[in-house]
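Residue numbers (the numbering used here), protein chains in the order written: chain A, 1 to 264; chain B, 1 to 248.
Be aware that a few hints might be false.
With beta-carbon atoms standing in for the labels, derived distance ranges [to be verified]:
id: 1; chain 1: A; residue 1: 35; chain 2: B; residue 2: 163; range: 15 to 23 angstroms
id: 2; chain 1: B; residue 1: 55; chain 2: A; residue 2: 56; range: 44 to 52 angstroms
id: 3; chain 1: A; residue 1: 179; chain 2: B; residue 2: 63; range: 23 to 31 angstroms
id: 4; chain 1: A; residue 1: 255; chain 2: B; residue 2: 161; range: 29 to 37 angstroms
id: 5; chain 1: A; residue 1: 25; chain 2: B; residue 2: 166; range: 42 to 50 angstroms
id: 6; chain 1: A; residue 1: 216; chain 2: B; residue 2: 27; range: 51 to 59 angstroms
id: 7; chain 1: A; residue 1: 216; chain 2: B; residue 2: 163; range: 33 to 41 angstroms
id: 8; chain 1: B; residue 1: 206; chain 2: A; residue 2: 251; range: 18 to 26 angstroms
id: 9; chain 1: B; residue 1: 58; chain 2: A; residue 2: 120; range: 24 to 32 angstroms
id: 10; chain 1: B; residue 1: 55; chain 2: A; residue 2: 25; range: 38 to 46 angstroms
id: 11; chain 1: B; residue 1: 161; chain 2: A; residue 2: 89; range: 52 to 60 angstroms
id: 12; chain 1: A; residue 1: 35; chain 2: B; residue 2: 142; range: 49 to 57 angstroms
If you are wondering where the hints come from, they were derived from the structure by calculation, not from laboratory data.
On a predicted model such as this, the values are computed, not experimentally measured, just so you know.
Glycine included, C-beta positions come from ideal geometry on N, C-alpha and C.
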Amino acid sequence: MSRVAMLIDESICMGCRGCQVACKQWNDLPAEATTQQGSYENPPDLSPVTWTRVKFIERTQGDNLQWLFLTQGCFHCGNPACVEVCPTGALKQDPELGIVTVEWELCNGCGYCTQFCPFGIPRLDTDLLSGEGKAYKCTFCQDRVTNGLPPACVKTCPSGAFHFGDREEMLSIGKDRVEKLQQAGFPNANLYGEHEMGGLGRLYVLKERPLAYGLPENPQYPAMASLWQDLVQPLGTLAFGAAALAMMGFYFVSRRNIKMEEVE
Amino acid sequence: MIGNKMRKVEQADEAGALRIRWIPKYSAMERVFHWGHTVTFLGLAMTGMILFFPFLRPLAQGESGQLIRLVHRATAIAYGVLPLIYIILEPRRALMSLKSVFKVSRYDVEWVKGMIPYYMFGRHEAIAPQDRFNTGEKMNAAIIILGSVVFAITGLLMWFGKGLLPIGFFQFMVLLHDIAMIVTVCMFIVHFYLAVVHPLMWAGLVSMRFGVTSAAYAQEHHALWYYGEDKANEIYEAKKSERAAKDE
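Same shape as in the complex, but just chain B (with noise of 0.2 angstroms):
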């Protein structure tokens, strides 16, 4: 097993063996949040639906529509709980990974810029240096988090204040959850695309199961992290102009 350390593969004796230097990226509670909420988020995405696709109309209707409302709400509190719980149990991590996904900067205008030509060419030297998270994770995350708060605000007052709030504001909340949804979901389609199905991206899944990342895979891909900005920006505009260079 991997061990979540840092540790070095000693030096192999034969030619051409694998040296691989692995690096903790992420934490086991983070791993445990990051699949729970993918749990509880798909079953509330799911539950939910019932009421949103009007093919489910059978699911929604009487004892199976209760008994789906129902596990809809139970799943509702655990996805609440579990950020909770991560910042609880690791406040320190939560906060530096709350501040790393709002941190915006020039490198991520440029990231959004090397999209195209790297997720779909495989340019290498487009893609501007990251930190622990890159742009896309980052954009994922804020969505995925704004997103969970109006779901939690919207959930809650619907659930509570059914009858004591003014109707058009109950209305308003509806639609509210709704759009958050639509919003997420479709965050989702793309989360697990690039997490799961592209070609290039197999090692960003292989960090969030084992909580480690190969230090190539760190110094190609998450270079801010992992060189800190001035070494990083550096290897960039190297990149950048040699690639020019080839092209020409």
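Bound-form chain A, shown alone (with noise of 0.2 angstroms):
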């Protein structure tokens, strides 16, 4: 099998939150308590136990309140930069399927993920004091794409605002999409995820730009995450080397060069 991906198509989202329940559901997940903010989004935000959630982004057009919705989870990069970072291997990439999984076993909770992700999808459910936990987030339901089924969210969608396979199906599916969105008046449609991190593997049908959705426009791999892998670790290494190096080196001069008996 090829790079799959998730299409969701937000201008047919209606806000249920059905999948949002499949993936606690799937993923036994349990529910959080939570407070009423002043909105109908719930929970508040992802979190360890809430790997998907419909955001409700309220906008006024004159009288009218309308809603965007946008089914938030971890966007499964071509180009992770969680799993560059991650020390442990806990975190990887189907090299097939290009899914991004964490193996909990291998986590140790260190939380470079949730530093190093552009989107702040994944959560850590740790103690401030010791430290001690581990990161979660979507998974794409490795287990059921694995046997030949959607994931749960996909699986679950009442309006068809979700669709799964193959990338490239998804993509041209995608741009079709947007081609009808902007021919029947929402000039700003867009694909998001296209290109960006190596191309993405939750693609958006989106009705506004980007921004309206509070998504980044033009997300960019973290150059820290480049410059302390690609370039701070191997030097260090390097200078660990040649100081030891250095050191026997020295050691042997100088025990050639100095008389002992000559000192004091």
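Fit the two chains together into the complex; they arrive one by one in their own frames, and the hints show the way.
Spelled out as structure tokens, the structure:
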């Protein structure tokens, strides 16, 4: 199989949050106690036990209140920074399907993934003092997908906003849909994720510019991650080796040249 | 046992008996600080490196990784508290040491010039007179002190600021913590060599163990401290011209 992707048509989503419930059910995640925040969206944010969630964006146009929906979850980047910075190898990218998963037995809770994801997706369940914990995020229901089933959220969506399958196919469905939306009076309609971060595995058909949904217009691979992993760490290793070797060299030179009997 | 006070060895009757006059160099607190610092530094370096070297990855994973991270945090507290104890209990000595570490003079420049002939070829006259700490010790101390400040700031921010700090800033803290580690560990390798391995340098280890140094050693290696600047400089110039005459 080739790389898979999820296409979410946010112009069709009706905000029922069936995907949220299906995700919790399939992944055996508990509900969260939340408080009224003055919005229909709930819970207020992604969390270690909420891997996908519908974000409700309220907009007023004249007297009309309008919602934009965004089904948040891991983007399964083609070039995932979280995988590069993970020091345990718990985060990995399936070489075939491109799905990015966390192997919780390996995770030690350092939280680098949460700090290097340009979308802020992975969430850390941690104890502040001891630092013990694990990172959690959407896995694209890897267990279902590798057994020929669509992810739980895709399967349950009653509106038909979700598509899942071969990434190329998803891109062409998305492009068709964007074209139709643009003709139907949504000039800002766009497909999000074709090229960003090595091409995203979660593609959105958006009615408005990404910024209106709170998405970065042009997400970048964190420069600090490359600087750290590709430059500082190899140079550091080299520096340790060089220092140790130089000291050994100095030792042999000084041993040969310094006559101990002449000293004091 | 060698005490921490100045003592004179009585004139020995037999010819050839060794007469060593010991003078105090480091207080007990300073030695406890030095060795406590050494132990916690190495502990932090070793526990931290599980996240640095890919070949240590198996240790970083799962339960073992969590345990090692916990040990790193506990050791970090000791590492940070130790200098504070030194400063609180011996504020005047701490200030004196700190001042002499960051005091740079022409003797330091000359020490650097004389480093290779002295450390690699044993030419004593090449080394400029030194204070209680020599230039190398001062460089080591300065780098470790500055590195420790960076460790403390970045470490505390990473510990308590995760999720509160902007992620770009957090990423920068991770990077700085790593760079401080690389610089200080390299410095440690050099310091270990000069203080423990180098054939001429056993005296420093003795002072850091017992707190004293022999007057003969201090005259030779810490003349600025032993004689004061005027006389130390006089002796240094005399030695230099003596050697120059011999070489001709």
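Checked hints:
1. 35/A - 163/B: 15 to 23 angstroms: Hint holds: Cβ distance 19 angstroms, inside 15 to 23 angstroms.
2. 55/B - 56/A: 44 to 52 angstroms: 47 angstroms, holds
3. 179/A - 63/B: 23 to 31 angstroms: Roughly 52 angstroms apart at Cβ, these two residues miss the hinted range, so it is violated.
4. 255/A - 161/B: 29 to 37 angstroms: 49 angstroms, violated
5. 25/A - 166/B: 42 to 50 angstroms: 35 angstroms, violated
6. 216/A - 27/B: 51 to 59 angstroms: For residue 27/B against residue 216/A, whose Cβ atoms are near 57 angstroms apart, the range 51 to 59 angstroms holds.
7. 216/A - 163/B: 33 to 41 angstroms: The hinted range 33 to 41 angstroms is violated for residue 216/A and residue 163/B, with Cβ atoms some 19 angstroms apart.
8. 206/B - 251/A: 18 to 26 angstroms: Since the Cβ atoms of residue 206/B and residue 251/A sit about 20 angstroms apart, the hinted range of 18 to 26 angstroms holds.
9. 58/B - 120/A: 24 to 32 angstroms: At roughly 29 angstroms between Cβ atoms, residue 120/A and residue 58/B fall inside 24 to 32 angstroms, so the hint holds.
10. 55/B - 25/A: 38 to 46 angstroms: 41 angstroms, holds
11. 161/B - 89/A: 52 to 60 angstroms: 26 angstroms, violated
12. 35/A - 142/B: 49 to 57 angstroms: Because 52 angstroms falls inside the window, the suggested range holds.
This entry does not satisfy hints 3, 4, 5, 7 and 11, going by the numbered hints stated previously.
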